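K.L.:
Take a look at the letters that make up each chain.
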Amino acid sequence: MIISNEAIVAGTYPLERQQEGRQPISERLHEWVTTVDHKRLGILYICLGLLFLVFGGIEALVIRIQLAVPHSTFVSPQVFNRMFTMHGTTMIFSVAMPILLGFGTYLIPLMIGARDMAFPRLNAFSFWITAFAGLLLYFSFVGGGGLYGAGSAPDVGWFAYAPLTSRAFSQGHSTDFWTLSLLLSGIGSIGTGINFVATIVCMRCPGMTLGKMPLFAWLNLVLGGMVILAISPLTVAQIMLCIDRYLGGHFFDTQAGGSAVLWMHFFWIFGHPEVYILIIPCFAFASEIIPVFSRKPIFGYPVMVAATVCIGFVSFSVWAHHMFTVGMVSYANSFFTFATMLVGIPTGIKIFNWIGTMWGGKLIFKAPMLFCIAFLFQFLIAGLTGIMLAASPFDWQLGNSYFVVAHFHYVIVGGILFTIFAAFYYYFPKMTGRSYSEKLAQWHFWLFLIGFHLTFDFMHIPGLLGMPRRIYTYEPGRGWEDWNLIISLGALFQVAGVLVFVFNLASSYFRGAHAGRDPWDAWTLEWSTDSPPPSYNFAQTPTVRSRRPLWDQKHPEDPDWHYE
Amino acid sequence: MSNTTAEIVDLVPSRRLPSRGRVGMICFIAAEAAVFTIFVVAYLFYAGKSLSGPTPREVLHLPIFMSTCLIVSSLTIHAAVKALASAKTFWFNVWWFATLILGLAFLAGTAHEWTILIRHEGLTISTNLFGTTYFSLVGLHAFHVTVGLLVIAVTARASLASAIRQSHAERLDIFSLYWHFVDGVWVVVFTVVYVLGV
Amino acid sequence: MTGISRQLLSLFASFCLVSALGTPALIAQTRALHSPDMFHPQSTPAHSIFDLSILVLKVTGIIFVVVVTLLIYTILKYRKRAEDNDHEPPQVFGSNQIELAWTVLPTLVVLILFFSTARVIHAIQDAKMPPNALEVVAVGHQFWWEFRYPKLGIVTANELHVPLSDASQPRPTSITLLSADTDHSFWVPQLGGKVDLIPNRINQTWIDPHKPGIYLGQCAQYCGTQHAKMLLRVYVDEHDGFEDWASQQQRQAVNDPRVAAGRRVFLKAACMNCHSVSGTPAKGVFGPDLSHFMSRDTIASGAASNTHENLKRWIQDPEAIKPGSLMPVMKLSDEDLDSVVAYLETLR
Chain A
56 MIISNEAIVA
66 GTYPLERQQE
76 GRQPISERLH
86 EWVTTVDHKR
96 LGILYICLGL
106 LFLVFGGIEA
116 LVIRIQLAVP
126 HSTFVSPQVF
136 NRMFTMHGTT
146 MIFSVAMPIL
156 LGFGTYLIPL
166 MIGARDMAFP
176 RLNAFSFWIT
186 AFAGLLLYFS
196 FVGGGGLYGA
206 GSAPDVGWFA
216 YAPLTSRAFS
226 QGHSTDFWTL
236 SLLLSGIGSI
246 GTGINFVATI
256 VCMRCPGMTL
266 GKMPLFAWLN
276 LVLGGMVILA
286 ISPLTVAQIM
296 LCIDRYLGGH
306 FFDTQAGGSA
316 VLWMHFFWIF
326 GHPEVYILII
336 PCFAFASEII
346 PVFSRKPIFG
356 YPVMVAATVC
366 IGFVSFSVWA
376 HHMFTVGMVS
386 YANSFFTFAT
396 MLVGIPTGIK
406 IFNWIGTMWG
416 GKLIFKAPML
426 FCIAFLFQFL
436 IAGLTGIMLA
446 ASPFDWQLGN
456 SYFVVAHFHY
466 VIVGGILFTI
476 FAAFYYYFPK
486 MTGRSYSEKL
496 AQWHFWLFLI
506 GFHLTFDFMH
516 IPGLLGMPRR
526 IYTYEPGRGW
536 EDWNLIISLG
546 ALFQVAGVLV
556 FVFNLASSYF
566 RGAHAGRDPW
576 DAWTLEWSTD
586 SPPPSYNFAQ
596 TPTVRSRRPL
606 WDQKHPEDPD
616 WHYE
Chain B
2 MSNTTAEIVD
12 LVPSRRLPSR
22 GRVGMICFIA
32 AEAAVFTIFV
42 VAYLFYAGKS
52 LSGPTPREVL
62 HLPIFMSTCL
72 IVSSLTIHAA
82 VKALASAKTF
92 WFNVWWFATL
102 ILGLAFLAGT
112 AHEWTILIRH
122 EGLTISTNLF
132 GTTYFSLVGL
142 HAFHVTVGLL
152 VIAVTARASL
162 ASAIRQSHAE
172 RLDIFSLYWH
182 FVDGVWVVVF
192 TVVYVLGV
Chain C
14 MTGISRQLLS
24 LFASFCLVSA
34 LGTPALIAQT
44 RALHSPDMFH
54 PQSTPAHSIF
64 DLSILVLKVT
74 GIIFVVVVTL
84 LIYTILKYRK
94 RAEDNDHEPP
104 QVFGSNQIEL
114 AWTVLPTLVV
124 LILFFSTARV
134 IHAIQDAKMP
144 PNALEVVAVG
154 HQFWWEFRYP
164 KLGIVTANEL
174 HVPLSDASQP
184 RPTSITLLSA
194 DTDHSFWVPQ
204 LGGKVDLIPN
214 RINQTWIDPH
224 KPGIYLGQCA
234 QYCGTQHAKM
244 LLRVYVDEHD
254 GFEDWASQQQ
264 RQAVNDPRVA
274 AGRRVFLKAA
284 CMNCHSVSGT
294 PAKGVFGPDL
304 SHFMSRDTIA
314 SGAASNTHEN
324 LKRWIQDPEA
334 IKPGSLMPVM
344 KLSDEDLDSV
354 VAYLETLR
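As you go down the protein sequences, you meet chains A, B and C in turn.
Position in the first sequence (first residue = 1) + 55 = our numbering.
Position in the second sequence (first residue = 1) + 1 = our numbering.
Position in the third sequence (first residue = 1) + 13 = our numbering.
The shape of chain A in the complex, shown without the other chains (with noise of 0.2 Å):
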């Protein structure tokens, strides 16, 4: 076969799958379990994903048929104390950070023109080490024992609140499980942080200056560094149990003057910036995405980075809102409350800014869009419940009830979610090469809509009404009953959506026409390899001008390098 020099030049090298002949199936599984390419390990890192919201998802399920009626016996109190500490468990460490860390691993040398990250071998041994911790905590299914030796899988809530976790009141070993599985994901996201920091920092291609790249990758950058120094302290946090419930040490042993609130000190420093850790490659998606389907280019560039550094400084500073009802003095319940709001300055600009992208656009209503106008309304609204529960009296109403439940899940499924939603729609061409069924895709995005209203809006409500959280069960009789229900119907229509999600995804992996390069008239650098991009990535190390080289290249009579 004949490569001319244009075809070398363009970058149009032909795939290298395509030269050889079928491979047999154990050497393309060794060579996916062996690989070291950033593209793959993406791809695992999502699938990896995908595989736990299943998981995470039935948990949700199984919580939401035991609190639709009151008194309900579907599960026994010690079987749904599982279930929500392993959902919450599941869906922070092996659903949403394997997806947005894979997302990020996958896209980053792509858009800054690197040939791969800083450290590919360091790269797959996060990811695995990220698998097996998953593997881990699932595997305490079989092998722990929990509360009074009454369980199996940890049943402490996802954030373990000591004394409840020392061998005194959590014997057997499904604590073991969580504290372990912790330990080990965070040194594979500690691993990806290093990764994406260096790879930012030292692989840029020629012209692209810190203030050229796409935001997409200055918001990894804020990303990485707040991996590195948010999940240290969980690593401690899970270090100093082990030595209190295997070396006899006395961290949060209360009996030995040791103190619980340290523990949660400890955990919310890590738990707080993790939650921004959630959202920031959600604005990434977001800050691509939108552009695009406005045809417009992001609003307020240079604001939009200065605010994400912002946040990724104040979030550090704003974790003991979780713990307003531990009795703290009442100028340091005031100084977190001010730190809170404070924080949710940046993080509102940002939605003006992307408002003002749409404002005077031309919006296409495709699948990533509409995801993502969808995250800017719920966005708003988890922002909005945010500041209430800032309010440090407010929050101890609203603290530990169904409110907070109903907020944070907002900012989870309603803002992180429909963002992930929107970037495996946007970049499945890309990954692919092949085009997802549209309609299939909007059928998702209504279903899961709906569903998703109706079981986050009205959560709000039996947490005014009093309502805990963490319960089995409630007492009838206190106005909480038809909520609950309708709640738990929504549940069913998120999971149909999920599942045409996931078929659509299946079905448009093998019968989805084929996709070119370019299928969304995109600007920046992965949109100019091919789909699915080579192994190496270009041809030829890119050079760029402007924040946005392919619209440079579409439009040389208006480059962007003219404005910037």
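Fair warning: there could be bad hints in the mix.
What the hints assert, rightly or not - Here are some chain C residues pointing at chain A (derived, C-beta under 7 Å):
1) F77
2) K93
3) T120
4) Q182
These are calculated hints, taken from the structure and not from any lab test.
Predicted model, so just to flag it, every value in this text is computed and none were measured.
Using N, Cα and C, we set each Cβ at its ideal position, and we do this for glycine too.
Take the given structure of chain A and dock chains B and C to it, following the hints.
P.N.:
For chains B and C alone, kept in the frame of chain A given last:
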């Protein structure tokens, strides 16, 4: 395309991005710094709060000798890397082995101190809050020293086999950042545990 | 937008409209007499929180309406129409003035909210208790509440009696919060915000109920298997009612000779390992004090009403009422069970 490429290359000032290894090591050190910070916070939080058992004042003595060894080892590792960068292999070996010996002396000092604490003073990780926080913090640091010494030892062996060349200086310089960090942590631990906490 | 999308969009919009209109009505209707909801405060701290929450809701409500209007307007006005040519719209990169404005405004809003909030935090947390305040010590256990009135010499469980504190006779109740095992949280929404009970830590809260009645709450910090049924009842008695209750609780436990057999079973069958009854050798502290057991409306910390049948079932098989509670299965013979129940039912 080729014409514009030439233009662009002229317009873009020549830049040197930092090395991946150095940035990676700095990030790793940042993570470790966060880890040590939390252990130090726990130590300070629980200072004076033990309900029983030996107190720091009773059982701790300023570890002057081993601290000096560790501080000096930072100087020797710096000298070693500088020597290697100037292709002075003999002096590299001298300073590198000195670092190894000083590091081992530090570990020996820790081992000695712990033997006395555990066998004679009756202080273990499970005795009281002081015991828990002391052994975790100093133990974590000693663990980091051990890992560093392993790398130094492996390199020393490679050097004996004449496998270390001038081109390795950059990588060893990056490793030395880790060693300096471990040293810096000891300065903090020394201050917090042996000076402030007593 | 395709035809199906348009239909689904109208369906969704109608759903939103119906919900928005119907929800308040549904809440009002389903809000039962005993809904522990913060929007019907009956005590000063709860009132302060309520007032603050209304301010916060108003401010966030305004922000919501403004931004949502902007968003809907943008979506409708700037959608790409079928007849649009393929020219890109004007490429606007930003605007310093607009961005400054929408940074300054939120900052002002935050400052207003913060100062209003700080005032309420201080008013509630740093309030000085008058000398006549009733002192209660609440100790959280897995899965029940111990209430002690140190100055009155009373020990009871699960149902907290406090005096009315109205304008004519203000008498707040100051509650010290301790824990015997793991973390719990005291939450009676109509009377105040929640405060945690944490082992090795002394927390403090206060309430001053303005209206007599029974106020419901429950433990609000996950404490183990039966966290869900660690329920709370606060009985706000008028002044005389409270004095009557207190003097009854101060008396020694009834020692009715007709149930001597049951008393013997109680002392013999290891009940006294966990429970105490004043005037008897039973001085256990692991479980609730039973000296005036029959003065309570519920058993098992609210898990069941205090009836003959429930009491029998509870002693015979606690797992049936509260699976995972720490009350062991006593395995009494039918005869012993009946006599012990008869004994307990005399403990008024």
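K.L.:
Hints the structure violates: just list their numbers, smallest first.
P.N.:
The structure conflicts with hint 4 only, although it agrees with all the remaining ones.
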